[in-house]
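Undergrad: My request is simple: use the sequences and hints to build the entire structure.
There are 2 protein chains.
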Amino acid sequence: MLEDKNQERTSLEKLGEFGLIDHLTKNFELKQPSSIIGVGDDAAVMDYNGKKTVLSTDMLVEGVHFDLSYMPLKHLGYKSVMVNLSDIYAMNAIATQVTVSLAISNRFPLEALEEFYAGVALACKLYNVDLVGGDTTSSARGMIISVTAIGAANESDIVYRKGGKPNDLLVVTGDIGGAYLGLQVLEREKEVFKVNPNSQPDLEPYSYIVERQLKPEARKDIVELLKKLEVKPTSMIDISDGLSSEVIHLCKHSDVGCNVFEEKIPLDPTVISASEEFKMDSTMIALSGGEDYELLFTIDQADFPKIKGNPNLTVIGHMTEKNEGIHLITRGEAKIPITAQGWNSFNE
Amino acid sequence: MLEDKNQERTSLEKLGEFGLIDHLTKNFELKQPSSIIGVGDDAAVMDYNGKKTVLSTDMLVEGVHFDLSYMPLKHLGYKSVMVNLSDIYAMNAIATQVTVSLAISNRFPLEALEEFYAGVALACKLYNVDLVGGDTTSSARGMIISVTAIGAANESDIVYRKGGKPNDLLVVTGDIGGAYLGLQVLEREKEVFKVNPNSQPDLEPYSYIVERQLKPEARKDIVELLKKLEVKPTSMIDISDGLSSEVIHLCKHSDVGCNVFEEKIPLDPTVISASEEFKMDSTMIALSGGEDYELLFTIDQADFPKIKGNPNLTVIGHMTEKNEGIHLITRGEAKIPITAQGWNSFNE
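Read top to bottom, the protein sequences are chains A and D.
Here this note's numbering = 1-based position in the first sequence + 1470.
Here this note's numbering = 1-based position in the second sequence + 1470.
Some clues are possibly wrong.
The list treats identical chains as interchangeable, and a pair is accepted whether it falls inside one copy or across any two copies.
What the hints assert, rightly or not - Okay, derived cross-link-like pairs now, DSBU-like style, lysine-lysine, Cα gap no bigger than 35 Å in a straight line:
| no. | residue 1 | residue 2 |
| --- | --- | --- |
| 1 | K1778 | K1544 |
| 2 | K1632 | K1501 |
| 3 | K1792 | K1501 |
| 4 | K1496 | K1722 |
| 5 | K1660 | K1595 |
| 6 | K1805 | K1776 |
| 7 | K1501 | K1690 |
| 8 | K1501 | K1702 |
| 9 | K1685 | K1660 |
| 10 | K1496 | K1521 |
| 11 | K1501 | K1635 |
These are computed hints drawn from the structure, not numbers from a lab.
TA: Quick look at the structure:
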């Protein structure tokens, strides 16, 4: 039986580093007009015809950012790209290329990497970005992923973290808190599995929040929607570390204060029910959960009619003078200072 | 005494991820006209005024690519940048920006990261590139570095791995094999130290090759020199994995064969003497050693008068028709096929 299992596994030593990159990237086509040369030379070559180039990079580390015991590799490949595209969209730019680098221990067979790259390929296809480079090397332990995303935008379209003004409205896309609760569900099932490997977890009631954790979608559609609505946010950031942390970033960079209204924070019904099940406060989860990859932005009040009633966009507060501070206005109308409780990898 | 030691150490938990990035990058200025926004937003913003953008990324993993028992962190920061700039210069482009991402275990105090970033800063200063982004996160074990370098070039100046023609001359910059032998010296001293921690290693006779290993320099000067000499190589690559591996890459991409003449391979006298001491063949080291970060390129024979006699450039062979194969012509005039023996991280 052991031999049968091994037949499906191709050791990485056999392929070597160059063969591996060729093998893993051979099905990636270049579709962006700005992609001149992709994988296979010393560097990728791109051309933006005078547009601004936007670039973002992130690292994901096994045991810190993901747990392979419940994160399928294809999802991981997809999510690694999403995390970076999200940063490009948070600049109000359109992502055009990514590079994906991997450090992996020899315990991973080729087929595992193929799964990972299948996820990368799917993300590239759905979001219309080209894989143009990367590096693949061995690690002493575990899997470490580094992705760099490149995007393009007209100078006049780029939105920074700075730029928000007092009285601007604070808007969040989609709903938040789901990714964090999805992680709690997966962690719980992992513990159950450890005790009883024959248990059949029923994840069906949690499918929305589990998908938010395993297969988040970056909000390219919002960049397109805002263009269509002719709304240019005054400041913007993506929600990777939790709402409170991102609100603080916007306030700090824009030199303003903020009031966030608890009752306005958009929560999916599954988030509310799972919060109750886990005996956690759903507002706290929205503020501190992270990994939702929604966008958080400020708009001039004059733009409110343009976004009013759009199901993708929720006004959750407004910016104030800096000296008024950053507060959550609770359902009970208490005013609580918001402190950074976003995810901090060094505090684990 | 233990308390005294600890006074100099700042734990990473104290600073948190955002504070850490701010702290480590606060002394980096943007000097490139193409750098619009650096660290501190969701993405860096660059503008190339219609020039081609060139981008390269590499990962360095503790225990695979470097050993902190003899690699000072400042050197490591410097080398991490060099490895990537080298890829940009190998496109005949000028590097303009880098992003540096780090995954590190909690065993590293802040001061260690400051050392690393001091090396990054020195590299940025000397090579006139801007640090515009990166990510800092924790790792389960060890230190993993991912650097992305961005460069710019006029389309007509870019040199690819493809483009070499039969009868083109094969040229190498500087001398090769030193970095690999430097590593052998450092490995030997590490073993000696394990046996006798009081031994005082005398590295003076090996200073050139040890520096080649610990503080390589990417050949920006060669890109400038070639421009001045009005020579545009027909194909080019940097020597990161060893001469044989790079020659094969050029031949494969250019669809040609090659003859390399053993007697022409430029070796520093220290490389020759250290080879003898380690009972290794100096040609084999040059062919397979790697990490020299010199440039290897082909030029049209008509350009030979322009490079003749330049101490930085050595003609070591010529390209042939593809069906003639890739060979080393030894001092004894034997013709030996060159096979890829470059460094392969999965074979360790």
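Undergrad: Is it within, between, both, or neither for K1496 and K1722, if the alpha carbons may be no more than 35 Å apart?
TA: For K1496 and K1722, the Cα distance is within 35 Å only across copies (16 Å; inside one copy 44 Å).
Undergrad: Could you place K1501 and K1690 in one of the four classes (within, between, both, neither) given a Cα distance threshold of 35 Å?
TA: The answer is both: 17 Å in one copy and 32 Å across copies each meet 35 Å.
Undergrad: One pair to classify: K1660 and K1595, alpha carbons no more than 35 Å apart. Within, between, both, or neither?
TA: within (32 Å within a copy, 49 Å between copies)
Undergrad: Within, between, both or neither: how does the pair K1778, K1544 come out at a Cα-Cα threshold of 35 Å?
TA: neither (37 Å within a copy, 53 Å between copies)
Undergrad: Since the copies are identical, ignore which copy is meant and state whether K1805 and K1776 lie within 35 Å (CA to CA) inside a copy, between copies, both or neither.
TA: So K1805 and K1776 pass the 35 Å test inside one copy only (29 Å; across, 75 Å).
Undergrad: My question is about K1685 and K1660: at a cut-off of 35 Å on alpha-carbon distance, are they close within one copy, between copies, both, or neither?
TA: This pair counts as within: shortest intra-copy Cα distance 18 Å, inter-copy 46 Å.
Undergrad: Between K1501 and K1702, at a C-alpha cutoff of 35 Å, which is it: within one copy, between copies, both, or neither?
TA: Classified as both: same-chain Cα gap 28 Å, cross-chain 29 Å, threshold 35 Å.
Undergrad: Pop the pair K1632 and K1501 into one bin, within, between, both or neither, using alpha-carbon distances up to 35 Å.
TA: both (33 Å within a copy, 21 Å between copies)
Undergrad: State whether the alpha carbon distance between K1496 and K1521 is at most 35 Å within one copy, between copies, both, or neither.
TA: both (29 Å within a copy, 28 Å between copies)
Undergrad: Tell me, please, which holds for K1501 and K1635 at an alpha-carbon limit of 35 Å: within, between, both or neither?
TA: Answer is between; shortest inter-copy Cα gap is 29 Å, intra-copy 39 Å.
Undergrad: Within, between, both or neither: how does the pair K1792, K1501 come out at a Cα-Cα threshold of 35 Å?
TA: between (45 Å within a copy, 31 Å between copies)
Hint 1 from the earlier list is the only one contradicted by this structure; the remaining hints agree with it.
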